[in-house]
Each structure stands twice: as C-alpha cells, then as structure tokens.
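So the mapping is simple: our numbering equals the position in the sequence shown, first residue as 1, plus 438.
Be aware that one or more of the hints could be misleading.
Claimed, not checked - Quick list of the computed label-pair ranges, beta carbon to beta carbon:
(1) Gly573 - Thr831: 20 to 28 Å
(2) Ser906 - Asn576: 18 to 26 Å
(3) Glu524 - Glu590: 46 to 54 Å
To be verified - Simulated crosslink set (DSSO-like; lysine-lysine; CA at most 27 Å straight-line):
(4) Lys1039 - Lys714
(5) Lys690 - Lys772
(6) Lys1050 - Lys1039
(7) Lys714 - Lys690
(8) Lys852 - Lys815
(9) Lys560 - Lys772
(10) Lys852 - Lys772
(11) Lys714 - Lys887
(12) Lys817 - Lys772
(13) Lys868 - Lys930
(14) Lys1033 - Lys690
(15) Lys852 - Lys868
(16) Lys1050 - Lys772
(17) Lys852 - Lys817
(18) Lys868 - Lys772
(19) Lys560 - Lys714
(20) Lys887 - Lys690
Everything labelled a hint here was simulated from the structure, so no lab data went into it.
Quick reminder that beta carbons are idealized off the backbone N, C-alpha and C, glycines included.
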Amino acid sequence: MRPKNPRVGSSVVSVLATIACLSIVLAVTYFLVNRKPQVTVEKAEEQIQAPEEAPLVMEAQQEEVAVVPEVTPEPVQEAPRATPEELVAAQLSAGEFGQAIETAETVADLHQRTLLLKMVVKAQMDSGDFVAALGTINRIPLAEARTQAMNERTQAMSMAGGSQLANFTQLIQLIQTQTSGLWSDTGEGDGEISQFSSGVRVDPNGLLHQLSRQEQNGQLAALELKARQANLNQNVSQNSQLRLVSLTRLEKQVEQLIEEGRSPVETMKMLAGLTKVEYIFVYPEENEIVIAGPAEAWIYNDQGLAVGVESGRPVLQLDDLVTVLRTFSDRGEKIFGCSFDPRPEGLARLKEFVAQSNARGPLRAGAGVRNWTRQLKEKLGVQDITQYGVPDTSRVARVLIEADYRMKLIGIGKLDAGENIPSYFELLAKENSQSAQNLEALRWWLTMKYDSVLHNPQRTAFQLVGSSVLCQSENQIVTKDGQRLQTGQAEKLNREFAANFTEHYQELAHQDLVYADLQNIFDLALVAALMQNEQLANRAGWEMNAFAANGMYHPAEYEAAHTVETVVNHRVYNGKDVVVQVAGGVRVDTASVVKNQNNLKVSPEVGAVSTKSQAPALPVGRWWWDLAN
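Working from the sequences, and respecting the hints, build out all of it.
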C-alpha cells in the first residue's frame, strides 16, 4: 500500500539522515576534545621524567655533575629578599654612605629608619667624618634617638685618646647644635661664629687686632681645646722623604665626596702631611699632575694650626692650594698680596704735629715722651688694609696680613725676632750720624725668593730650589698734604734690616710659624703659576671641576680685615728728626720667577726623579703614595 503523500515520507528520511550525521560529527568532536588534555599530560610527564634520566646519562662525568648546582637561579631569587638592614650594612662596608642613607630613608617605619640611620652615623664617625655624621643625625626622625646620637658624636669628638681632631670647624658646629643661639649657618638667624688663625683677630667692623697671650689662653679654656694627634691611617702617619700627591686624583675624590653630601676627609685637607713642595711632575699619558715633597704625621697646636709631629712646621693645606689655583686660572688676577696704607689725612696731621713739636723744642723725659708717642698714634689714626688677588675672607689673605703685621712690629721693636734680626731702631742706636729728614717713612714688604726652578728638557718635571722669602725696603718722603713719595731707594740701615730679615728668615719661621705658613703659600702659588705658565693642566688633559674658579669645593672663610690700628714707635734725633714705620705689605708676583729665564734651568736629574716617582698600582680612591726607597 503506497502512502498517500510520498514527499512527506521522503522528508522524514532526510531529516533522520541529517540527525544521524550530526550525531556522528558531535561524537567525533567530543572524543577529540576529551583526548587533547590526555596528550598534553603525557607530554608533560615526559618532560618531568627527562631530568630524572639526566643523572644516568652524565653519571660518568663527575665534573659536569658538580657544576649543575652552581647554575641554578636560587641566589638571584634570594637577592630581592635582603632586609633593609642587610642592604645598608653591605653599602656601608663598600663605603657607599650616600646610597646607605637613601636606602634607610625608603623605610616607612620610623623606628626601623632610625636604626638604619644610626648605623650610617656610626660608620661615618668610625671613618672620622664627624661633619657628615652631623648631617645624617639631623635626618633621624625620632627626637630622642637624634639627641642620643648627637651626644655620642660629641663624646667621640672630645675623647682625648680618640686621635680625632676637634678642630675649629667641628667645634663651631658643636656650639651651633648644642646652644640656643640663632645661627645663620643653621638657617635660624643671623648669628655667626668665625674661625681665626694664630695671633690676630678681626672685630665685627673689620679692624685687625693682635691677640694678647691672655686672649689666646681664654679661647683655649673656653673651648677646652688641646693639641691632639690627627686622625691618620697607619700609612699616612709614616714620615716620608718624598711623598707624592696627585692633584688630578685628589680632585676626583673630593668631588665624589661632595656629591655624596660628605666633606673631604682630614687627610685631603692637609694634603697627606706635605710640609713643603719640592717637585712638580706632569704625566700626559696618565692624565696626571703630581706635587711632591717631604711629609709627616701632624698634630694641632694651641692655635689650631696643623704642624708636623717631628719638624713642628705647618703642613700644606688644600684650602690654600685651591685658592691660589683659582688666582692663577684664566679668570684669576695672577698676582696677589696685601698692603697696610696710612690715610693721607692721617699722615698730614702727623706731619703738622711733628713740625709743631719740633718748634717747641726737645721733649721732656718720662711722661712727656709717653704722651707725645700716644699723640703720634692718634694723629696717624687707623691704616687701611688693601687685599688683592685672593678673596679677603680666605685663609691665604689672613696669613699674608698677619705676616705683614708682625713684620712691622719686629721692625719698630714691638716684637722680638731674636738677636739676628734687630729692629730698625736698634740698628739706628748704633749709628752716630743721622740724615736730616723732617719725617722719614720706612717701607718694608715681603715677596717670593727662589734660587732657581730646574726642569727636564721635556718640561714635564720641575724642581723648586732655594725656597725662601725676600724682605725689601724703601725710604719714602711724606709731603705736606700727607702723600708718600716713592724714592726707589733705601738708606743703609733700612737695607740692613731687610737684609737681616731675609738672611735669617728660616730661623724666624721656626720661631714664628706664620712665616713658615707664608712660605708654604708661596710654594703653592709657584706651583699654580708654573701650571698656568707651562700649560701643564692642558698637557695632562685636566679640566678642573671642583677646584675650578666656580667649582663646588668651598675653602673655609674667615672674617675679612679692612683696617688696622697704627702701632707706633719712634726715635727723635737732633731734637727734630723723627722716624716712623707707616707702610709695607706682602706681594706675591710669581712672574718674577716663572718668566725669568735666569731662574729656569735645565736639569736631567729632575727627569730621573720624575720617572721613579710615577704612581704604582694603587687601591681605588688612593691619591697619594711614597717614593720607594
């Protein structure tokens, strides 16, 4: 029996066939999907099992098996897990104080940050850098811990047996941090504490005074200052006949410390104990300029001056070197000095007073002479201090002024320089006849004196020979209006005083250290002048940074001196002739040495010393060495 509608039956068959096909496709798909993870697992199992077979393959190769643990990444994975304490300790052991401070300040917990910063403070104090330690103490967030750290620093600085210099810089900082004064350096006010050198002081008005013995003792008692052994490592404390200091290496180390917020260490400030400059070497291939001379350990005397333990001679100072390098740079004046100049109106008053006194006749002995001398001083008044070529706040300026001032005191018999340097008036007393001058003005001044400067043919090695100081003299005439007329001549006794001063200068420098200090400055000035005149920095490829004119290194500053009270002594001859000392100065004109061909002489021996003096293999950061015996 056939269906009534054959198309319906055919459609049903087609639908069923389609469903069957789809079922097969779905079944295959389901099978494949479920089978894929099994394949992955099998491969993973094969990969996991592979290392288990590796020892069997390499069992005979014992050395290679031993190496396998060293290439595992475990140490790399542990580094980030280092604690802040471990990081700071590692940085401190490497001398990276700046990085240690940065690490400590990333810690949020105040107590932990305090502990880390105290670690840095201790390391800085152990290294002798109390200035940097003070800066780190100020970063400590907890007030009680900050006070404790400050007390520990104070105690460490004041320990007599601690071999650490309690110099004026540190004492000033100690006073500023431990008193309630409003100090300009701390940003709290305009109060200032100034260092001063040796035997002079400057008042707030710029007037120079000589320190009395009582004033010096009073300062020492107030500050409880004692001469102490400097903070030296074992090597630098050894005496050396020839110590070499690389100026180029030194500048790099100073610059690095300043960039880290730290101060140059004491060894740098004292140029490794050099007491004299004898040689200058340039090594173009190594980009190096070196100065050399005898050196020794140093202590600090009652005036705070660093002096050699054995010689007692002042050591060279970095501040002075940088000051004169800038003076003899392309932007400097290339000459420096000072002078004491009486004011014309004062000289005019003095001349008139002397004329009136002469008209009245001889002076009465005793009180009459003392009153007359007092009036001489009052009529002349203060003298102006002229400073040129170096900053008037520099230590160089202070040494020049003090040396000049004390020379005048020696000349007029107010300061004893020993039997070999009698005063002008002592010399005058031995003479029976006197020249007829109404008012005689004596002028003395100090300048450089070197026998010669030896150099090798290549002009890469120089030797300073016969370093000393020359005293020169002149007689000047004072006009009616107080002007001083230069004569260009000095009478016999004036020349004799200057000659004695020059001949016995080394004896005087041993007795009065300001003159040894002045000679050191002259040596450094000649170094700077030779570098400029011979273009040594260019030949060594040295472009100054920290030591340049506007460099980041700042020498210590002192109160500037602008005027000085007149110190008067006198002699009256024939009832009318008066002699006074009114002018002088210090003049450092290196051109008379470095440009005088009679002074510059070739010496092959200097080149031989230069060859032996080249730097050996030095530790990183080392900038000085001793010539091997």
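Legend entry - Unmet hints by their number, sorted upward, for this structure: 2, 3, 9, 10, 12, 14, 16, 18, 19 and 20
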